[in-house]
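Fit chain B to the supplied structure of chain A, relying on the hints for placement.
Line order of the protein sequences matches chains A and B. Per our numbering, the very first residue in the first sequence carries number 6; after that it's consecutive. Per our numbering, the very first residue in the second sequence carries number 6; after that it's consecutive.
Please keep in mind that the hints were generated in silico from the structure rather than gathered at the bench. Possibly wrong hints are sitting among the right ones.
To be verified - Some but not every residue of chain A turned toward chain B, in silico, with C-beta under 7 Å:
1) S65
2) G68
3) G212
4) L218
5) A222
6) I231
7) S233
8) R234
9) R237
10) E239
Where a beta carbon is used, it is the ideal one built from N, C-alpha and C, also for glycine.
Number of protein chains: 2
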Amino acid sequence: MISTNIVGYLGPRGTHSEDVCSNYYLEKKWTFQPYSTIDTCIRAVASGDIQECIVPIENSLEGSINITLDTLAHEVDLYIQKEVVWQIHNHLLTKSVNEEIHTIVSHAQPLAQCRHYLTKHYPSAQLKAVESTVEAVRIVASGAKNHAAIANINASKLYNMNVLARDIQDHPQNCTRFVILGRQPLEYAKGDYKTSIVCRIRGDKPGSLFHLLQELATNNINLVRIESRPARTELGEYIFFMDMEGNITDANVQCALKALKQKSLWFKNLGSYIVCKNNIL
Amino acid sequence: MISTNIVGYLGPRGTHSEDVCSNYYLEKKWTFQPYSTIDTCIRAVASGDIQECIVPIENSLEGSINITLDTLAHEVDLYIQKEVVWQIHNHLLTKSVNEEIHTIVSHAQPLAQCRHYLTKHYPSAQLKAVESTVEAVRIVASGAKNHAAIANINASKLYNMNVLARDIQDHPQNCTRFVILGRQPLEYAKGDYKTSIVCRIRGDKPGSLFHLLQELATNNINLVRIESRPARTELGEYIFFMDMEGNITDANVQCALKALKQKSLWFKNLGSYIVCKNNIL
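Bound-form chain A, shown alone:
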């Protein structure tokens, strides 16, 4: 049975993914279904357990979310329905107001993103990486002495925490791109679109990638992103994810993709979709 009006996201409650999910599905009154890993969440759409999912695909500081790319390429046949750019805010949270801080706990990514702030304000504190920001908040909320957590504001509300410092990330431009995935390609509507594909080419000849990009350049298509991932055959063999401006219904995009497909050993269309930037300040 195919389940409709259910959207999957990377749980548990209080994650950035849940924030984004609320923003896009609360009004539509869909049911939210948390998953403990990104790949099980994506596979649940492919199997029909849920209708759509919303998963992170790239962060502006840390780069690609590899499990999302690899699952899209190797494990499922899904289409991107929408891209959501979401600004990430990291806050320093404690249980009580006046406690001295000896240990700061969070996921490895926020710890890395706040490194300069932490070195300046807490040079002797021990940094401890755990599996998620919500897990970090749980540890501090459950009474770990002299601990602070780095997490988003919803997690702090969920566990009734004290916000010791706001927006402590080193770079103001800390955004994550999320994609909404579904089983069918999006129907075309007016607006600015991007189109994503993934392909594999012969890696043993000079200029293979160059000849592929030539098709985009001659069709005047702007390649906004290219990302290589292992082909999983042997070291030195890659697949390429490409994001370009335009819609699959545009004549020049159609023409370029046809040529790309012909020059590839393997080719997959990941869909044409609109870009949303909702919470960007």
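Here is chain B on its own, set in the frame of chain A:
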């Protein structure tokens, strides 16, 4: 003071990095210096605390080691001296021979690399990710009940463990590329070389990357790898790591790199170096 004949690696004792380190520096009688993170290890070479380091840069299944690329691009000015391709063997280890297994513990990467094996042989076991394979072995060795660890053979010897199953990785082709980094470019000697660079180009014009790759194609240079990483300015701005065949002293490589540099907003030569494949079966 500049310290000589000391090589840094990602510790603690028993890691794959230590295996590779032993293979290349034991005969030379250098001192091994373990570091708890890859970036502190690389920075120790830049500051002169140690003479060289050996760090992972890419895995054939999991892709780039981002912290290595980012540190090389943004934090230090070092040169690759040698590339070492190392085959990774994952074994299932227990403390006693006949214990039932309820929990399997390892670093997230080996757990992912053995997923099919684990699903087939231990469908109901809980998988637990910890910070390193050595930490996983420590947990099992210290007496955690009904636990098994996934790690390499040296870690099993170090903690006197029982090898329950050998080579349980799903793909036989599981290799990691390591690079040896030093403060000076390598002096040229005979052999097959690769050259690595990293650069940033204008991302807002169609065909920017295409025009860059054109310089390699017209000089008949094989691009063996291209990897994009965030430029850390804003989402959608990238730097490109490129590995090509040839040595900086070759006329065509010199010519291409000169043109690449001219077309880049920012450019860095990461060195020309020999490739070694020592333990490949």
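Each hint tested on the structure:
1. S65: Constraint on A:S65 satisfied, holds at 4 Å.
2. G68: holds (5 Å)
3. G212: holds (4 Å)
4. L218: holds (4 Å)
5. A222: holds (4 Å)
6. I231: For A:I231, the interface hint holds, since the closest Cβ of chain B sits about 6 Å away, which is under 7 Å.
7. S233: holds (6 Å)
8. R234: holds (5 Å)
9. R237: holds (6 Å)
10. E239: Where the cut-off is 7 Å and the nearest Cβ of chain B is about 5 Å from A:E239, the hint holds.
The structure is consistent with each of the numbered hints, conforming to all of them.
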